[in-house]
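Asker: Chains as they are written, first to last, in the working numbering: chain A, 1 to 336; chain B, 1 to 336; chain C, 1 to 336; chain D, 1 to 336.
This list has only true hints and no planted wrong ones.
Below 20 angstroms or equal to it, Euclidean Cα-Cα: the simulated PhoX-like pairs (lysine-lysine) are:
1) D:K248 / A:K248
2) A:K130 / C:K130
3) D:K200 / A:K217
4) D:K200 / C:K259
5) B:K259 / A:K198
6) B:K248 / D:K259
7) C:K136 / A:K259
8) B:K200 / A:K259
9) D:K259 / C:K259
10) C:K42 / C:K55
11) C:K140 / A:K259
12) B:K259 / D:K140
Derived contacts from chain C toward chain D, CB cut-off under 10 angstroms, selection only:
13) P157
14) H251
15) R258
16) V263
Listed next, with one range per pair, are the computed distances between beta-carbon atoms:
17) C:S15 / A:G26: 16 to 22 angstroms
18) A:N133 / C:E158: 27 to 33 angstroms
19) D:G185 / A:N133: 38 to 44 angstroms
20) D:G142 / A:M12: 36 to 42 angstroms
I should point out that these hints are in silico values taken from the structure, not numbers from a laboratory.
Note that CB positions come from ideal geometry on N, CA and C, so glycine has one too.
Below, each chain spelled out in residue letters.
Number of protein chains: 4
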Amino acid sequence: MLNVGVIGCGGMGRSHIDRITNRTTGAQVVAVADMVDALAQKGAAIAGEACKIYKDEKDLINDPNVDAVFIVTPGFAHVNALLEAIAAGKRIFCEKPLCTTAEDCLKVIDAEVKSGKHLIQLGFMRRYDKGYNQVKDLLKSGNYGEPLMVHCTHRNPEVGTNYDTPMAVTDTAIHEIDVIHWLVGDDFVSAQVLFPRKTKYSHEKLYDPQIMLLRTKNGICVDDEVFVNCKFGYDINCEVVCEDGAIKMPHLSYPDIRKAAHVATEIENDCFVRFHDAYDDEVQAWVDDAAKGIIGGPTAWDGYLAAITADALVKAQETRQIEPIEPAMEKPEFYK
Amino acid sequence: MLNVGVIGCGGMGRSHIDRITNRTTGAQVVAVADMVDALAQKGAAIAGEACKIYKDEKDLINDPNVDAVFIVTPGFAHVNALLEAIAAGKRIFCEKPLCTTAEDCLKVIDAEVKSGKHLIQLGFMRRYDKGYNQVKDLLKSGNYGEPLMVHCTHRNPEVGTNYDTPMAVTDTAIHEIDVIHWLVGDDFVSAQVLFPRKTKYSHEKLYDPQIMLLRTKNGICVDDEVFVNCKFGYDINCEVVCEDGAIKMPHLSYPDIRKAAHVATEIENDCFVRFHDAYDDEVQAWVDDAAKGIIGGPTAWDGYLAAITADALVKAQETRQIEPIEPAMEKPEFYK
Amino acid sequence: MLNVGVIGCGGMGRSHIDRITNRTTGAQVVAVADMVDALAQKGAAIAGEACKIYKDEKDLINDPNVDAVFIVTPGFAHVNALLEAIAAGKRIFCEKPLCTTAEDCLKVIDAEVKSGKHLIQLGFMRRYDKGYNQVKDLLKSGNYGEPLMVHCTHRNPEVGTNYDTPMAVTDTAIHEIDVIHWLVGDDFVSAQVLFPRKTKYSHEKLYDPQIMLLRTKNGICVDDEVFVNCKFGYDINCEVVCEDGAIKMPHLSYPDIRKAAHVATEIENDCFVRFHDAYDDEVQAWVDDAAKGIIGGPTAWDGYLAAITADALVKAQETRQIEPIEPAMEKPEFYK
Amino acid sequence: MLNVGVIGCGGMGRSHIDRITNRTTGAQVVAVADMVDALAQKGAAIAGEACKIYKDEKDLINDPNVDAVFIVTPGFAHVNALLEAIAAGKRIFCEKPLCTTAEDCLKVIDAEVKSGKHLIQLGFMRRYDKGYNQVKDLLKSGNYGEPLMVHCTHRNPEVGTNYDTPMAVTDTAIHEIDVIHWLVGDDFVSAQVLFPRKTKYSHEKLYDPQIMLLRTKNGICVDDEVFVNCKFGYDINCEVVCEDGAIKMPHLSYPDIRKAAHVATEIENDCFVRFHDAYDDEVQAWVDDAAKGIIGGPTAWDGYLAAITADALVKAQETRQIEPIEPAMEKPEFYK
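Start from the sequences, fold in the hints, and give me the full structure.
Answerer: Dropping the structure here:
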């Protein structure tokens, strides 16, 4: 049984506490930390009576009964928790992003490499989604040749007024940035953003929709339509066009309904419905991998690559040019 | 140019006049007949100035300028027009049914056989529908083995209050009776009707829906859901299950629309939309076949088989037993 | 933590041991029993070191450390284990069928009712399948009126030579018998079987395919195409046609693949793939229900209804008549 | 009856002669011209005995029995035939492109405007395709708000070795250039081309695939994947993403085939199958419009816009920059 401490008891943190406590096997939440006591109390209540409550994440990290930590604080707070946990030698599940700057990501990578132990898994849950894995398996089958293009959409029914133009990259396209990189096994080298006609539902600080264009080392062209006020649903699509065939990821399955001169099928409205199983499966895999002493999911290095790709896209939003994506270092041997 | 006379200028008759005049090539309507003068006038107006108007169908049939006749009168009136036209040696396109009794069908067959000329094509337009033909081509490809079962639906959004229980056979299932017989190339030997729970939209004289069960000589089992107040659309389905695969006829194609948390595709509401091209294509084929001196579509014998199959189903509606279907004679050599 | 004893360590039993041990939460396998020692050893090995091994199921049932039992023995052996477990007041998960005769089912029902406690859940996993539940939720929404007809297929790629004609009912259609009864909330009153043309892949003792026809008290007509050598896949379909719309259960989702002039989507070959999640979810629900002291899934009474429905279908296979389905008693108040 | 003269009796020319003679109504081919006598003979043979044969297109154009001309010569030869036919006041159906240079297009426009009569329809047959028209009707319904993005694919199974990189624009994307312009009712203002990883099936002079990016005056962003050695089929897709919904054009309909653990549906291999009906319908509409004295299809102005858009894309292939699209003049009042 893996004893987990959860740092950050907001909505996402509590959702992980519930997951570990009630839906996955092999782990239990033994401690929670949150600067806001009311949230910590709520989190602990899900985990059960034996769960300890900390105000300071450092105390939780260094609790000898805690084998592993979940970092579910706001992004800017990740770097300190990560460095502390690496220093304590604790296994880490860190929600995305790794850190909010490329520099901080590099600090974390440096610390992990120096520790000599693979400790960090990043919370890019899509890698555990059944649909993406079906596509990846087909790509690996060798029946379709090399991937040449990937067409994606990331459509949300709507977003709040605090959601602004750069968040189309950092909160939304970030998922395609990681999962497509993983899907085709190739790194991005340049980024461009197109600004189509604005929807009437755009907010003042939000240009919606946008089309993100990414190119990989091997020349694979990825286009990602990010449309966060599409109104009709949470609609994630991904088609990989290869030399010998094209593969389109399926949606979740819903009944076909005949009514009112149409056959209709539901689209979910919500990423937590669409990726419900992926969230469970990523945590279960992380727990199972802990028993084997490995990190099977996205690493700190993947988090760094996602960060610099996002940086390039945000820059491209401003310059409207093709922006290069250049890691500050070669991929460390440690992550190969 | 084939000179056509059209007998019966109701809605269906006028639709054929329009078709011959404006949408198909190689034929023209040179004469029309209808006991109701106003209808005859309407029909002639579509065909153009040169079109003659007859009150009596006999005069039209025997007009030497008329090469071929369309019989689009009510079913009970077909037998006389058919016999007259056979006697006159005119080519005939007869809307379904051939005749309203098996006896009359046999009289017509007898007359055509004795005439020594293939004159009659029956208006079962589905044999010219692209979808059924795609299925038939696949069946003939030999890739799927023998057909074992056929699952059909014949759903209408709604019917008028004059539509009664036997009409579910004679007006509706009659289309599957002919087209499935043609599709699998096999004759029916028995019939049964199931009466599911009635829809609240059933009229007093109408039991709706019904499931028609037919068996062929080779044992192919056909089920046909006839549901004429299904409300949602005109929904024709046909799946042929074979030894080595199953083949499902497509619908007409419509865009996929994403809206309101659903992906939806239209179903037409109307058989004249669904089978628009089939109606045109059956008449064009009949005109083209005339030039070759052949009848390529459903014959008087097919009309007789449809009639006795319908009779058995109507009887089965009353007896709720499995009723045999037994032609009064072997298929004449003439029709082989 | 619910302490479970598993009786029967064949393939299905071991699959449940694995499920309880590794995939569901809240229960553990503390004991196994099998007359074949090697199987018992195998089963125990999955559960872990602390798992006790019994030769005699009675000893397992009466082990005070065992809170609940799984009965996964051959069907004929169920009755004794059920009666013993009821006598011991243990909660029971019994794989289908409840018993192999209606008489034995009644004995078990009598015992459970007299015990005054709801103890038995029957292993009809389809009630926990996401697709069937989506359909049921739509039916319950009230948007589609009353269900009138249900069209099902139960197609297997192939079966072994020991699979014979009655097994098309008792091993295959038995799943639709229970799940459709549950889906529409109505009891069956009559049964008929159609024998279409035989596939060339039928074995000597197997007539394949068959079409099972069932009617409910309210007149809902169910047709179930059972085709166990269809060759192309494990293809479960279910369409419920209602007064105000028709609802078709989806398949599991797989990518659309464009290759060789076709767009193709996989169909699984195997019921354990198709119902993988349903198997897990039924056991998880049973464990969760245990904590609440209820039986939320199919009961002994459902098992009895399935048994007499299967009996009527097997009789109908012989008589080729419509056979009545008449329970020997009213549904006991206990099960309402 | 419209008397048509056909200039150019290659494959496409003969296909139009066959169409006018055998599949559409209201027109007949009374004359053909081709510099290669054997081709002219072949063309005339399709049209029938009364068809005159000319060596020089000028003689055909000025034949007083010719009401209208089809120009189906190679693109570079269009300008002279167009100017001659305008001078003769003959109605014109001109296969794409209008001319091979923007300058020649402007000459033709000037001549037509000065003639004061609408004479020229350009052969962009997709505007007559049922699928595009279904999408356009939905856009016009007002239910979906303004169009913001259009995602297209133009995939061919393969091309010959004479097909080179610029032809991806001038022979292939040219169809999307016209039809999307028409579909959204907006002019293009800039063009960009992306070069993804090359398929192994690229020829030496062909970079395949390419992604064409176009932007309209109103900011609609169009992406068009041009992949002419995709191997799997002729796969035309078009999705219009609007403010209040997204609309995806359907494919032609083919049966669903269950076999070998897949459900598969055919994709055609050939544009003449995919757009078979569109070719017939554009010619029929042109004939019908002639009777009304109007040009209902794409005009010379549309041909000019397509030419300058293609020029910008070809330039963008070289510069890899975003290239502006700037007509040399305002749209003449004549074409509004």
